[in-house]
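Participant: Sequence:
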Amino acid sequence: MSFTIATWNVNSVKARLANVTDWLREASPDIVCLQEIKCIDENFPREDIESLGYNVETHGQKSYNGVALLSKFPIEETVRGLPGDAEDDQARYIECVVSAPDAPVRVASIYLPNGNPAPGPKYDYKLAWMERLRTHATELLTYEERLVMAGDYNVIPRDADVHDPAAWEGDALTLPQSREAFRSLLWLGFTSAFEQLDGRAHQYTFWDYQAGAWQKDHGIRIDHLLCSPQAADILKSIEIHKATRGKPKASDHVPVVGTFEG
DNA sequence: ATGGCTGGCTGTGCCAGA
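In my numbering, the protein residues as written are 373 to 634.
Source of the hints: derived by calculation from the structure; they are not laboratory data. Every residue, glycine too, gets a C-beta built ideally from N, C-alpha and C. Watch out, some of these pointers could steer you wrong.
As the list claims (entries may be wrong) - What follows is a list of derived Cβ distance ranges for each label pair:
1. G456 <-> R555: 17 to 27 Å
2. E419 <-> R555: 14 to 24 Å
3. T514 <-> K588: 44 to 54 Å
4. A615 <-> A387: 28 to 38 Å
5. E552 <-> G456: 34 to 44 Å
6. P446 <-> E511: 40 to 50 Å
7. R452 <-> K588: 31 to 41 Å
8. E633 <-> E541: 36 to 46 Å
As the list claims (entries may be wrong) - List time: in silico SDA-like cross-link candidates among lysine to any residue, alpha-carbon distance up to 20 Å:
9. K621 <-> G456
10. K386 <-> G456
11. K494 <-> G456
12. K386 <-> T616
13. K386 <-> A585
14. K614 <-> A585
15. K614 <-> E398
16. K386 <-> D420
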């Protein structure tokens, strides 16, 4: 039996509620990682989502950031916040164990810091956050279970993942240190779903609201699904739901959906 | 084009995003 895991940075779940519920109805993903919900847990439109058949876990924050995990399957346990820094109050990580068909799958919804301007304190925070993620992922991989870390990584992995590499030179999303930190995550043993199963150039997941970026297809690919070996073994396909970017009141990101055969 | 949209907020413009 197959199931799907999606990731989508919605850029405010309240402003995007109609887009989100429309897409959940049309695509009917089994597990969904949301980022940038931009609201506290109490204000998440829980009933609207639950009525579509989802269990809901949130890790919200006022105005900024905020992540959530939706699942048609039961959610057995939840971790809120990326371990490793008790001082960090930004809601950028939630992890759940979900009772997927045949076996549990551990799923993390990740909103990695943007890091601009670089250099500077925001870039330092980004790199420190990536190092904490690497440490946590290293521990999770020792469980040898199905693990998918999906989200907005705010890293453009290759020059082929941006319309004009020169225009992004020096940006925190492309700097060599950012790419190296992303690659070092993969080297732990993760499979990046798109690069493994598709890998084509210029397949974007984000288009800026400004300067007609969508109309000119000036995008970047920064939303990724990273799979542990046990998850990669059952990964069948990966799809970027580009059409959602053309809808009224669209998020600047689109969903990315992986299909797994349990 | 060193920021041209969009969202949140206690705001009457500013910060953040990528």
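Participant: What are the numbers of the hints that this structure violates, sorted from low to high?
Facilitator: 2, 4, 5, 6, 9, 10, 13
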